[in-house]
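Protein chains in written order, with my numbering: chain A, 1 to 269; chain B, 1 to 283; chain C, 1 to 316.
Calculated from the structure, these hints are not laboratory results.
Just so you know, even glycine gets a beta-carbon here, dropped at the ideal spot from N, CA and C.
Wrong hints could be hidden among the right ones.
Stated by the list, open to error - Derived lysine to aspartate or glutamate pairs resembling EDC-like cross-links, with alpha carbons at most 16 Å apart: (1) A/Lys91 <-> C/Asp100; (2) C/Lys148 <-> C/Asp177; (3) C/Lys145 <-> C/Asp105; (4) A/Lys266 <-> C/Asp69; (5) A/Lys196 <-> B/Glu26.
What the hints assert, rightly or not - Just a few of them, taken from the derived set where beta-carbon distance is under 10 Å, the chain A residues facing chain B: (6) Gly48; (7) Pro203; (8) Leu258; (9) Glu264.
Next come the chains, spelled out residue by residue.
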Amino acid sequence: MSARPDRVRRRAPGIASAVLAIALNTFREAVRDRVLYLLLAFALILIGVSRLLSLLTVGSEEKIIKDVGLAAISIFGVLTAVFVGVSLVFKEIERRTVYTLLANPVRRWQFVSGKFAGLLAVLSLNVVLMFLGLAIILAIRGESTWALLPAVLLILVELGIITAFALLFSSLTNPILAAVWTFAVYVAGHLSWSLKLLKGKVPEGLSQWLCDLLYWLLPHLEHLNVKAEVVHGQPISLGSVGLAVLYGTSYALAVLVLACVAFERKDFN
Amino acid sequence: MARRWLAGLLVLMAAGSVYVSGTVLERRAAARERSNQLLYLPNGRHLKVASLGQATVLADMIYIWAIQYYSEYERADRFRYVEHVFGEVITELDPHYVDAYWLGALILIVEAGELERGLALLDQGFAANPDKWILPYLAGWECWLAGQPGRAADYFDAAAATPGAPPTVRRMRAGMVSRAGDLETALALWNEILEDPGSDPTSRAIAERKVLDLRVQTDLRELRAAIERFRFENSRFPGSLEELQKRGYIRGVPRHPDDRDYDYDPRSGKVSAPEGRVLGESA
Amino acid sequence: MSGSEAAAPVVRLAGLRKSFRGHLGIGRTVAVESVDLQIGAGQVFGLLGPNGAGKTTIMKMMLGLLRPDRGEVRLFGEPPSAPSARARLGYLPENPYFYDYLRADEFLDFYGRLQGIPKEERREIVRDTLRRVGLEGSEATALRKFSKGMIQRLGLAQAIQHDPELVILDEPMSGLDPIGRREVRDLILGLKRAGKTVFFSSHILQDAELICDRVAILDKGRLRAVGRLHEMMSETVRWFEVSFRGQLPAGDDLERLSSEGEDHLLRVADIASLTRVLDSLQRSGGQVLSIWPRKDTLEDLFLREVGYLTAGEVRR
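Build out the structure end to end from the sequences listed, making use of the hints.
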């Protein structure tokens, strides 16, 4: 091994450059992971099967295909976000690749943000592919799919929130618990509307206060759910879609910041 | 230290944005809910809770299951839970699932012969979907065929008043159908909907059924009249429908649109169609 | 302290302490206690100690991977949390593992981006560094196909490719065959010649003896000894071992270690005894085969400090 003449190169990378580098690497990692393709294949198969399923119905067949298609995009998106999201940080810590990575002049929040951006890119790619599969099946029947786009966009925003939670919890605990907690948030997020009803039925005092607290903290994922509207062809204003996007991305950003803080404080044993 | 403040500020700003946009979305959702008060019965709520944002798909699956369930005509007590399945469960999950309303209504009206129960389902559907003129239109015709032209007129008015109703429907407003039993007019009008290229698939599907139904009724009426003339002139019932044709009382032996013969009993002189079935083939 | 330490030290550890929660949250074990250390520029510093002494814990604190309970770490005068400090260092962990879904050049390019190597230079530097660590030709090989030795070399590559002033290596020789260890030693000496500071931990004492300027001996979380190598080990000869062919000389200050026919191995206590033995052999016509002076080794120092030997004792 030989020595090399001196060259001065000791500056830290720019913020965008570091986040981008990590995001790109994360994207590469996920794309080369076979689990991703398994999930994608299942989703596409399901969309194909929906075509057969629609033959069993009386009345609107396209409704069945659209409903199953959107559900597949949503469910497989969430599964990918949870399982890949939780394992992203865990694998780096368990295999200690995070040690060499953080020994570089990279800030910890850049690491978390890069992971988030990379995973979101992969999820977007998945969603686009699944949407194309759905569009093809519907196009064969002469149906247009563009009306479904607002629902797909909001599904993506929902996936952003789930991913942020996955990263937060995986910085705090082991991957199994992190996955459980993230799913719990997903479930609770879709039931947040029932907290209002629950509040009316529990005794006054602590229980009601608890309902209020949970209602404030949880993401109201039903605000990001316009599947019923798009499938029935009901008009959705650009304003309400924009509002929902603002809601979802703000929430995801808040959780991402918390995830960065959690990772910042972490001791690597 | 500065970064802690920045992180805190970011969280605060994001939380503020969440609060504001969340509140607006909340109000809008509540407004939608108030207008649909009638539909939020406690029952289907449990399912909605379990569906986790996939309520429409769950509605589809239950609907498909219900079709298979109600296709078993041998099942005892078939009609007991029709309202529950179509009117509470499926439509709680997806209030705009129009197919569920009219299919359930037809099962009740055509198969069970329960006009009131069927109309109640169509009423429920129209309340949740004020833009679906086909539901009161169908209700109107069922009343009319059952010999209640007054009520039928009310339904037709409601259908005609719906924005987006086609000309055919709007003509009903004038009360042009006054005589009960005018099958030809009914058939012609439903045919118009069936053949109108602008009809939506749901309306067309319903029109197809009604046209088939009315054709059968028309055929039966023609046959009964011919049989009556035969008996009057020959003092006996014809031995078969072919004899009616051979002797020139009818031009051709009509066949049921399902491609089968009408049932004729030479001893009683009664002709009937196989029991009308909404799902699957007739018996 | 010599002149090089008086100038701003590259590494300064002051009063470091770190403890961890015990199993199930019960009790606390202290991993590192009261560690004070300074390393000046251009030195090769060895942190020695048995397994579990706390070497890796100290290194993690140096890199900001762990926060000390007490005390502080300064690299180039800055805390390790500052990216500007970490931009000037390179690190190789023990038993490294890298992303097996990447190729060697992709991996080094990725790290190069994080290290702030500008795009125009990265490609050439990656190729050049791979050549330096003996991995020429492996640019396009997927990391999952790398052997353990190759991974170690790749680890060294990412630690030095950005030309850092401080290189921190955790057990760099572990798992390498003698050729590999020689190459790592040469690399470290090459870095030293280029004016870099090297900090490494090891439990292989022979290597440390060959290349370190200064060492610290760590046991059970505490520093037992710190200083220049040759200052810590006395030059005095403990004893001599003489092997010869011929008649055994008489004397009670002699210890016979082994005999094979006419060949004998003797241990003599000092120069005086040695001279007497040699005289005796010459007179009796014996043939001296070899004379070996037993001096202090690093191993002796080490074993003394960790309490395996008592003070002043050496391994016999």
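So, as I understand it, the hint says A/Gly48 touches chain B; can you test that by seeing if any CB pair is closer than 10 Å?
It is violated, given that the least Cβ distance between A/Gly48 and chain B is near 16 Å, above 10 Å.
Hint check: is the beta carbon of A/Glu264 less than 10 Å from a beta carbon of chain B?
holds (8 Å)
Pairwise hint evaluation, C/Asp69 against A/Lys266, where the allowed Cα distance is 16 Å at most
holds (14 Å)
16 Å limit on alpha-carbon distance, applied to hinted pair C/Lys148 and C/Asp177:
Answer holds: C/Lys148 to C/Asp177 is near 11 Å, not above 16 Å.
Once the shortest beta carbon distance from A/Pro203 to chain B is found, is it less than 10 Å?
Violated, because the Cβ-Cβ distance from A/Pro203 to chain B comes to roughly 20 Å (cut-off 10 Å).
Could you grab the alpha-carbon distance between A/Lys91 and C/Asp100 and see if it respects the 16 Å cut-off?
Answer holds: A/Lys91 to C/Asp100 is near 12 Å, not above 16 Å.
Can you verify the interface hint for A/Leu258: is its Cβ closer than 10 Å to any Cβ in chain B?
Hint holds; A/Leu258 Cβ to chain B Cβ min 7 Å, cut 10 Å.
For the pair supplied as a hint, A/Lys196 and B/Glu26, confirm whether the alpha-carbon distance does not exceed 16 Å.
holds (12 Å)
Is the straight-line distance between the alpha-carbon of C/Lys145 and that of C/Asp105 16 Å or less?
It holds: about 14 Å lies between the C-alpha atoms, which stays within 16 Å.
In terms of the numbered hints stated before, the structure departs from hints 6 and 7, listed from lowest to highest.
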